[in-house]
Amino acid sequence: MSDAHSVTQLLEQWNHGDREALDKLMPLIYEELRKMAKRYMSGQNPGHTLQTTALIHEAYLRMVKQKEKHFENRAHFFGVAAQAMRHILVDYARARQTARRGGGARPISLEEAALVTQERAAELVAFDDALKELEKLSKRQSRVVELRYFGGLSVEETATVLEVSPDTVMRDWSMAKTWLHRALSPAGEV
Amino acid sequence: MTPQQYERLTELFHAVLEIAPDQRAAFLDQVSDGDAGLRRELESLLAAHEQRAAYTEKPPDDIAAGMFLAQHDIGAAASLPPNTRIDRYEIRSLLGKGGMGEVYLAEDLRLHRKVALKILPAEVAADRDRMRRFEQEATAAAALNHPHIAHIYEIGESEGIHFIAMEHIDGDTLRDKIHRDKAPLQKLLKYLTQVAEGLTKAHAAGIVHRDLKPDNIMITRDDYAKILDFGSNRRWH
Numbered sequence: 001m002s003d004a005h006s007v008t009q010l011l012e013q014w015n016h017g018d019r020e021a022l023d024k025l026m027p028l029i030y031e032e033l034r035k036m037a038k039r040y041m042s043g044q045n046p047g048h049t050l051q052t053t054a055l056i057h058e059a060y061l062r063m064v065k066q067k068e069k070h071f072e073n074r075a076h077f078f079g080v081a082a083q084a085m086r087h088i089l090v091d092y093a094r095a096r097q098t099a100r101r102g103g104g105a106r107p108i109s110l111e112e113a114a115l116v117t118q119e120r121a122a123e124l125v126a127f128d129d130a131l132k133e134l135e136k137l138s139k140r141q142s143r144v145v146e147l148r149y150f151g152g153l154s155v156e157e158t159a160t161v162l163e164v165s166p167d168t169v170m171r172d173w174s175m176a177k178t179w180l181h182r183a184l185s186p187a188g189e190v
Numbered sequence: 001m002t003p004q005q006y007e008r009l010t011e012l013f014h015a016v017l018e019i020a021p022d023q024r025a026a027f028l029d030q031v032s033d034g035d036a037g038l039r040r041e042l043e044s045l046l047a048a049h050e051q052r053a054a055y056t057e058k059p060p061d062d063i064a065a066g067m068f069l070a071q072h073d074i075g076a077a078a079s080l081p082p083n084t085r086i087d088r089y090e091i092r093s094l095l096g097k098g099g100m101g102e103v104y105l106a107e108d109l110r111l112h113r114k115v116a117l118k119i120l121p122a123e124v125a126a127d128r129d130r131m132r133r134f135e136q137e138a139t140a141a142a143a144l145n146h147p148h149i150a151h152i153y154e155i156g157e158s159e160g161i162h163f164i165a166m167e168h169i170d171g172d173t174l175r176d177k178i179h180r181d182k183a184p185l186q187k188l189l190k191y192l193t194q195v196a197e198g199l200t201k202a203h204a205a206g207i208v209h210r211d212l213k214p215d216n217i218m219i220t221r222d223d224y225a226k227i228l229d230f231g232s233n234r235r236w237h
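Line order of the protein sequences matches chains A and B.
With the numbering used here applied, the first sequence corresponds to residues 1 to 190, in that order.
With the numbering used here applied, the second sequence corresponds to residues 1 to 237, in that order.
Read the hints as simulated data drawn from the structure, not as lab findings.
Computed from a predicted model, the values in this text were never measured in an experiment.
Check each hint, because a few of them may be wrong.
Here are some of the chain A residues that sit facing chain B, going by a computed Cβ distance under 8 Å [unchecked claim]:
hint	residue
1	L124
2	Y149
3	F150
4	K177
Computed, partial: chain B to chain A, Cβ under 10 Å [unchecked claim]:
hint	residue
5	P59
6	D61
7	I63
8	A64
9	E90
Using N, Cα and C, we set each Cβ at its ideal position, and we do this for glycine too.
All chains, please: the whole structure from these sequences, using the hints.
Given below as structure tokens:
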């Protein structure tokens with residue numbers, strides 16, 4: 001079974017309420033994003049024009065059969081990819097954050113250091129931690145942030161993935177952003 | 001806070017936002033109904049809402065770009081240390097690296113001469129089609145015998161590592177001659193004439209270089225130009 005075929009089928013199964021299909025989709029998409037990241041790197045001008053949203057979109061084009069591209073499948077694919085992207089980026093940020101000069105850690109290129117400072121990495125890690133806290137209070141709100149922030153999903157796509165109305169997504173997004181902003185602001189500044 | 005309390009907080013938060021700013025205090029009094037904790041929560045959320053939630057406006061693209069660079073670095077860090085033995089060659093030092101793989105100065109232990117050993121990236125070696133095309137081209141290029149073309153000695157494989165052994169040229173690149181040494185025009189023209197001769201021979205044999213540039217032209221200590229990297233410049237994409 002080709003990858004594109006199995007991914008399409010798993011999306012269908014998930015659409016029809018098969019939650020296990022999601023567990024099988026995740027590693028497939030995760031791997032594809034990693035592979036694509038490697039390919040980007042062998043290009044002439046790595047990184048600079050990269051967008052996480054574009055990356056996920058390309059993964060979708062590669063992994064899902066052309067004629068099966070229903071709106072629902074697309075939204076669900078992006079839903080899983082957003083989660084995979086969050087894991088990949090936060091893992092990286094954690095490693096980057098703890099990288100110490102001369103401490104036996106892998107060397108960091110000037111270019112990489114300029115793009116992702118330790119402060120910026122720490123910022124993303126803190127954001128992820130705050131998002132986990134939010135998840136304890138409202139799983140749906142944290143999913144909205146994950147989909148919109150890490151996956152670049154539109155309000156409509158987010159609504160399709162979560163099976164709620166676009167209005168609910170907008171309210172969740174607004175509250176979650178406010179809550180996260182407060183959680184990430186140094187005490188006394190809000 | 002429990003999820004239920006948070007849900008209530010979310011509802012109240014949206015409700016407060018609907019109220020005109022000058023009437024919010026009265027509304028907060030009413031809904032919090034003496035619950036000072038709830039009132040503080042709502043007030044601090046309103047204050048946070050007034051500010052721009054800057055973080056969520058900024059997609060993590062820079063983090064992603066940094067990560068992809070890092071993965072590249074990890075690949076580069078997997079270089080072969082000195083004294084690594086590959087077939088009958090022993091690695092001395094890294095000469096350079098690029099999209100086509102890494103090039104090492106190595107010693108041919110049988111013939112006791114220095115060679116430039118190019119190691120193919122693992123992803124290329126793993127692709128049978130690419131390898132077949134690569135071998136065809138390298139074989140054709142190896143048949144070229146010209147004083148101004150660096151010679152390809154052999155292509156081979158050892159314990160999964162694919163390599164090309166090439167003539168090692170001790171000297172400077174044409175780029176260095178032009179920019180660093182500011183070599184006189186007459187000399188540069190002499191080098192280019194030699195390069196043209198080498199290219200003529202290659203083209204007659206049906207082989208094109210694909211990546212000819214001053215970095216790929218070496219000038220030997222005796223002042224001869226030699227074209228590097230024939231037969232190994234197929235783009236891998």
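Results of checking the hints against the structure:
1. For the restraint placing L124/A at the interface with chain B, the shortest Cβ-Cβ distance is roughly 6 Å, inside the 8 Å limit, so the hint holds.
2. With 8 Å as the threshold, the beta carbon of Y149/A comes within range of chain B, its nearest partner Cβ sitting at about 6 Å, so the hint holds.
3. Hint status for F150/A relative to chain B: holds, with the closest Cβ pair at about 7 Å, below 8 Å.
4. Annotation: K177/A was flagged as interfacial toward chain B, and the flag holds, the nearest CB pair being 4 Å apart, inside 8 Å.
5. Given hint, P59/B at the interface with chain A, holds; its Cβ is 6 Å from that chain's nearest Cβ, closer than 10 Å.
6. Interface hint status for D61/B: upheld, as the beta-carbon distance to the closest one in chain A is roughly 5 Å, under 10 Å.
7. This hint holds: I63/B has a C-beta 5 Å from the nearest C-beta of chain A, less than the 10 Å allowed.
8. Given hint, A64/B at the interface with chain A, holds; its Cβ is 5 Å from that chain's nearest Cβ, closer than 10 Å.
9. With 10 Å as the threshold, the beta carbon of E90/B stays out of range of chain A, its nearest partner Cβ sitting at about 25 Å, so the hint is violated.
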